[in-house]
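As numbered in this note's numbering, residues 1 to 117 make up the sequence shown, in order.
Simulated from the structure, these hints should not be mistaken for laboratory data.
Quick reminder that beta carbons are idealized off the backbone N, C-alpha and C, glycines included.
Among the clues, some could well be false.
[Claimed, not checked] SDA-like, lysine to any residue: derived pairs with alpha carbons at most 25 Å apart:
id	residue 1	residue 2
1	LYS81	ASN49
2	LYS101	PRO111
3	LYS55	ALA97
4	LYS54	ASN91
[Claimed, not checked] Here are the simulated distance ranges between beta carbons:
id	residue 1	residue 2	range
5	ALA104	LYS35	25 to 33 Å
6	GLU75	ALA97	26 to 34 Å
7	ASP92	GLU48	15 to 23 Å
8	GLU48	TYR70	24 to 32 Å
9	LYS84	ARG109	17 to 25 Å
10	GLU90	SER47	17 to 25 Å
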Amino acid sequence: MRNHIPVKHIILSHTIALARKVYNDTVKDSRKKTKFNFEELKTAATSENATLRKKVFEEYFEQFEEFPSYLFDNEGSIDSKLAKTISDIENDPDTSARMRKGIAQMLNRLPSRNETA
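Based on the sequences and whatever the hints tell you, model everything.
Here is the structure:
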């Protein structure tokens, strides 16, 4: 009589092996991400260069699904650099619907934009 492994066990073994590979590859890929550097973020996001600020905001949003408005003093009204960056992103026709929704959510947490106008 030959050693016979039931098909059910072969499929289960293959499924477990595949799940381990997917999990391990995901963990391995997550280790490759660059380290978050708060000081570099703050310097670039609050830069006088509007193009650089916009780029940093877009990259930050892609990574964290929010905008770094906490880097600015928005106590009484929205910081002028932040307001300009928001405006630049909103006026860009290539801005995604997801990013526009993120802007709306951020604005709901901040003082009225009309106070800075």
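(message) Let me make sure I understand: some of the numbered hints might not hold for this structure. Which ones are they, in numerical order?
(response) 8
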